[in-house]
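**Q** Here is how the chains run, residue by residue.
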Amino acid sequence: MNHTVKDAAFLPFEPLKQTNSVINEPRLVRWLLIAAALGFLSLFLLLPLLSVFVEALRKGAGAYFAAFGDPETLASIKLTFIAAAIAVPLNLVFGLSAAWAITKFEFRGKQLLITCIDLPFSVSPVVAGLIFVLIFGAQGWAQPWFGDHIGKVLFSTPGIVLATIFVTFPFIARELIPLMQEQGTEDEQAALSLGATGWQTFTKVTLPNIKWALLYGVLLCNARAMGEFGAVSVVSGHIRGLTNTMPLHIEILYNEYQFVSAFAVASLLALLAMVTLAVKSFLEWRYADQLAATRRH
Amino acid sequence: MPGLTPTLGFTLFYLGMIVLIPLAGVFFKASGLGFAGLWKVITSERVLAALSLSFGAAAIAAVLNAIFGAIVAWVFVRYEFPGKRLFDAFIDLPFALPTAVAGIALTALYSENGWIGSVLAHAGIKVAYTPLGIIVAMTFIGLPFVVRTVEPVLREVERDLEEAAATLGARRWQTVLRVIAPAVFPSLVTGFALSFARAVGEYGSVIFIAGNFPMVSEIAPLLIIIKLEEFDYKGATAVAATMLVLSFLLLLTINLLQAWVRRRV
Amino acid sequence: MKKLSSIAGLLLALATSSPGAAELLNASFDVARPFYKSYNTAFAAEWKRRSGSEPTLNVSHGGSSKQARAVIDGLEADVVTMNSPLDIDAIAASGLLAKDWQTRLPQASSPSWSTILFIVRKGNPKGIRDWSDLVKPGVKLVIPNPKTSGNGRYSYLAAWQYAKTRPGGNDDAAKAFVSKLFANVPVLDTGGRGATTTFAQRGVGDVLLTFENEIALIREEFAKDGFEVVVPSLTVRADNPVAVVDKVAAKHGSTELARAYLEYHYSPEAQALFAANGVRPADDKVLKANAARFPAVNVFTVEQGFGSWAQAQSVHFSDGGLFDQLFAKK
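Protein chains in written order, with my numbering: chain D, 1 to 297; chain W, 298 to 562; chain L, 563 to 892.
No lab work stands behind these hints, which were simulated from the structure alone.
Take the hints with a grain of salt, since some may be wrong.
Stated by the list, open to error - Subject to a maximum C-alpha distance of 25 Å in a straight line, what follows is the list of computed DSS-like cross-link-like pairs (lysine-lysine):
#1 742(L) - 698(L)
#2 742(L) - 726(L)
#3 786(L) - 702(L)
#4 688(L) - 702(L)
#5 726(L) - 737(L)
#6 280(D) - 381(W)
#7 684(L) - 59(D)
#8 59(D) - 599(L)
#9 702(L) - 423(W)
#10 661(L) - 813(L)
#11 698(L) - 726(L)
#12 423(W) - 688(L)
#13 531(W) - 661(L)
#14 684(L) - 786(L)
#15 280(D) - 78(D)
#16 702(L) - 737(L)
#17 423(W) - 698(L)
#18 702(L) - 726(L)
#19 78(D) - 599(L)
#20 742(L) - 702(L)
#21 599(L) - 610(L)
#22 688(L) - 742(L)
#23 786(L) - 59(D)
#24 742(L) - 423(W)
#25 211(D) - 381(W)
#26 599(L) - 847(L)
Turn these sequences into a full structure, and let the hints steer you where they fit.
**A** Here it is as structure tokens:
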């Protein structure tokens with residue numbers, strides 16, 4: 001590993017060997033903390049991930065890749081992407097407007113509003129699916145009108161999209177609010193006093209300030225949107241090749257005693273999460289200077 | 298500042314359409330039981346045991362995540378060590394992995410013939426199929442929250458301030474306690490609250506590792522499923538509504554507390 | 563408001579078009595997948611011979627009662643093929659099909675059945691021969707949760723009936739017996755599949771109780787583990803009933819196709835397919851022809867043992883029922 005100047009500029013911390021005793025911990029403490037962190041992450045993250053890949057590759061690479069040739073697997077991958085492609089942008093728009101309203105203005109009941117935004121995290125995925133059954137199910141209260149005027153929601157793509165939006169609802173707003181709270185309104189006030197319109201202020205001042213948190217939020221939201229199982233399972237109807245997302249298809253394969261295929265598809269989901277994270281790391285590295293600048297607010 | 302009306306308007310509209318109105322359906326359905334019926338469901342021995350297990354295990358898991366999440370965030374921000382980028386890339390994995398896969402993988406690791414479980418078995422500790430297993434699964438699925446909320450805030454803590462504290466004669470532990478901790482605390486609380494909330498409702502990963510024994514290792518979401526299996530929608534929504542109210546009150550308390558702390562700092 | 567219309571537009575665009583006449587959705591239970599894979603191919607060919615056009619046969623799989631719930635809540639399945647009459651009764655109760663559905667096809671509308679058997683570790687180290695061996699101290703058995711799975715319900719009922727009908731047996735003895743039995747269960751998985759994983763891969767327990775057709779899959783998948791099958795002296799007949807969901811089929815105009823789809827279950831070809839997939843065909847002749855695969859079993863039906871499924875459900879598995887009482891005072 002050769003550390004270039006660029007690398008060093010990116011690192012927002014002191015390299016380990018460089019010790020400044022007054023603002024650093026003793027070497028022993030540092031090593032203990034690193035050991036604790038890595039031990040914890042190994043036990044709870046690395047080993048479970050590893051075991052997924054071990055299962056997926058148990059019968060060799062051939063069997064692993066054969067899993068992706070199945071048309072039903074491909075259909076499930078497509079559906080997962082469709083659901084994420086609709087849910088993430090909608091929650092993005094929501095996240096931006098909620099964060100703007102909450103952090104740029106003072107009003108009563110703000111904590112109540114934030115708590116309501118948090119709520120989908122605390123709703124059991126089982127219930128998250130059930131609520132849409134209660135509305136759009138054959139006995140649901142919205143179904144008679146909805147079924148006649150708009151079309152089928154439950155047990156088809158719209159229901160899956162709705163459930164996905166629900167479970168990923170808070171991510172982007174929750175990522176933006178703390179940061180925008182910290183940044184305050186001075187930059188925007190300045191832009192406005194110089195004659196910028198509200199929209200110009202938002203796109204030219206606010207957006208550049210928050211773009212990193214926004215990206216984090218989108219990536220997390222996307223990962224969760226693709227990985228959601230419980231809620232989607234209730235509203236999907238499990239029709240092979242039509243309404244199964246990747247997580248549902250994994251369950252089906254597993255129940256069919258196709259372990260290798262099940263874990264292969266699961267490993268693909270894990271890889272997708274890591275690809276988005278790799279993109280994130282790349283962007284962080286590429287725009288390290290700007291990142292450091294926006295963080296200094 | 299412009300834009301309050303459209304942004305707050307859209308926020309409330311979208312929140313209402315996606316979250317509040319659908320959730321109101323749960324209360325509406327549960328109210329079909331009547332007050333006495335509702336009370337009978339939620340105060341039954343079995344439901345109470347499941348609720349205290351779900352909330353108790355979630356609290357322990359969230360505390361674990363708060364402690365280790367803070368350490369992980371600290372180590373990621375302050376120190377350099379080999380493999381850091383790799384671990385950083387893994388943090389969000391619990392969101393992407395379907396919960397059932399996580400449950401199966403964790404059970405494989407922590408059961409008595411698993412990589413970790415076999416080691417623990419020598420020490421006489423059983424994890425899989427005990428309440429301990431529930432805590433493991435809940436810790437896994439809530440892990441990213443604390444790390445990802447504390448990390449950005451920790452990065453913003455000005456090192457000049459620490460240096461100043463040091464020059465003024467503060468010992469390192471005093472600086473950490475008096476300068477860094479107050480700045481990081483609100484985000485730590487947020488992370489704790491989110492990972493707690495997520496763990497309370499978790500089903501998919503927990504049922505594989507829990508053992509699912511009534512009164513011992515049966516979580517509240519499983520009771521909801523059991524009631525649905527009996528086509529008892531009202532009973533199911535009664536348990537769901539109780540969980541919702543409890544979670545909401547806890548989250549609101551935490552958010553108010555956090556706002557209060559922020560104002561005082 | 564613009565958002566609302568765009569959301570509605572999206573939903574509209576995504577809503578699947580309603581299926582035509584030559585399309586059919588079969589809502590079925592989990593372990594029936596391998597069977598319906600081959601059955602659908604066979605039936606599609608048969609239907610093409612008869613009508614000249616190839617039908618589109620869609621299948622949805624999940625836990626049996628979860629599937630029943632989905633159909634009640636609006637999953638537009640033209641036919642349901644379940645592993646317990648109780649689930650079709652629940653659909654009938656919602657008015658989607660006639661309450662006398664069991665009389666519409668031969669064998670109480672059950673073209674196949676399975677049964678609960680024991681699977682033990684290589685060499686049967688604990689010497690398990692019958693139900694009475696399962697309550698011995700030191701024996702650990704894996705049964706899926708009767709509250710959430712068909713396997714679990716059938717296993718519980720079989721144990722109850724065994725204890726009740728053996729010499730000197732009665733309801734109290736049966737209650738004591740199942741209580742002792744479940745005291746030996748270390749894990750209550752929510753589904754049959756989870757229980758298999760617990761037994762086969764996690765190495766938990768000496769015995770696994772599950773459906774015969776699942777046992778066939780287990781022995782195939784885990785051939786190197788050398789699991790052995792034990793046939794107890796008495797076990798339960800688990801019928802796999804089928805029915806047309808009248809209202810849905812009428813709406814789709816698929817009634818004729820749906821009926822033919824179900825009737826074909828009774829053809830010699832389909833009966834042989836059942837046998838090939840480890841499910842016992844209702845036709846005794848086909849069953850006898852496959853005697854090597856299906857050992858002789860002494861079975862009772864739930865109706866014989868418990869009056870009716872509805873009764874068994876309400877006495878044993880309802881909220882606060884006998885099963886719940888096993889765990890009440892722990």
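**Q** All the hints need checking, so say for each whether the structure fits it.
**A** Tested hints:
A distance of roughly 8 Å separates the Cα atoms of residue 742(L) and residue 698(L); the hinted pair therefore holds under the 25 Å criterion. A distance of roughly 14 Å separates the Cα atoms of residue 742(L) and residue 726(L); the hinted pair therefore holds under the 25 Å criterion. A C-alpha spacing of about 22 Å is found between residue 786(L) and residue 702(L), which places the hinted pair at or below 25 Å, so the restraint holds. Note on residue 688(L) and residue 702(L): the hinted pairing holds, with a Cα-Cα distance of about 10 Å set against a maximum of 25 Å.
The suggested pairing of residue 726(L) with residue 737(L) holds, with an alpha-carbon distance near 9 Å, which does not exceed 25 Å. This hinted pair checks out: residue 280(D) and residue 381(W) have alpha carbons roughly 15 Å apart, not beyond 25 Å. A distance of roughly 23 Å separates the Cα atoms of residue 684(L) and residue 59(D); the hinted pair therefore holds under the 25 Å criterion. A hinted pair counts as satisfied when its Cα atoms are at most 25 Å apart, and residue 59(D) with residue 599(L) qualifies at roughly 24 Å.
Between residue 702(L) and residue 423(W), the direct Cα distance comes to roughly 16 Å. Compliance with the 25 Å bound is thereby established for this hinted pair. The suggested pairing of residue 661(L) with residue 813(L) holds, with an alpha-carbon distance near 19 Å, which does not exceed 25 Å. Distance hint between residue 698(L) and residue 726(L) is fulfilled; the C-alpha atoms sit about 18 Å from each other, no more than 25 Å. For the hint linking residue 423(W) to residue 688(L), the alpha-carbon distance of about 23 Å falls within 25 Å, and the restraint holds.
A hinted pair counts as satisfied when its Cα atoms are at most 25 Å apart, and residue 531(W) with residue 661(L) qualifies at roughly 24 Å. Between residue 684(L) and residue 786(L) the alpha-carbon distance is near 10 Å, which keeps this suggested pair within the 25 Å criterion. Pair hint residue 280(D) plus residue 78(D) holds up; C-alpha atoms about 23 Å apart against a cutoff of 25 Å. For the hint linking residue 702(L) to residue 737(L), the alpha-carbon distance of about 19 Å falls within 25 Å, and the restraint holds.
Proposed proximity of residue 423(W) and residue 698(L) is supported: the alpha carbons are some 23 Å apart, at most 25 Å. Of the supplied pair hints, the one linking residue 702(L) and residue 726(L) holds, its CA atoms being roughly 22 Å apart against a limit of 25 Å. Between the alpha carbons of residue 78(D) and residue 599(L) the distance comes to roughly 22 Å, so the proposed pair stays at or under 25 Å and holds. Under the criterion of a C-alpha separation no larger than 25 Å, the hint pairing residue 742(L) with residue 702(L) is consistent with the structure, at around 11 Å.
With a CA separation close to 17 Å, the supplied pair residue 599(L) and residue 610(L) stays within the 25 Å bound. A threshold of 25 Å between alpha carbons decides the hint, and for residue 688(L) with residue 742(L) the separation of about 17 Å falls inside it, so the pair holds. Restraint check: the Cα-Cα separation between residue 786(L) and residue 59(D) comes to about 14 Å, which is no more than 25 Å; the hinted pair holds. Between residue 742(L) and residue 423(W) the alpha-carbon distance is near 23 Å, which keeps this suggested pair within the 25 Å criterion.
A distance of roughly 24 Å separates the Cα atoms of residue 211(D) and residue 381(W); the hinted pair therefore holds under the 25 Å criterion. About 24 Å separates the Cα atoms of residue 599(L) and residue 847(L), which keeps this hinted pair within 25 Å; it holds.
Hint check: no violations occur; every hint is consistent with the structure.
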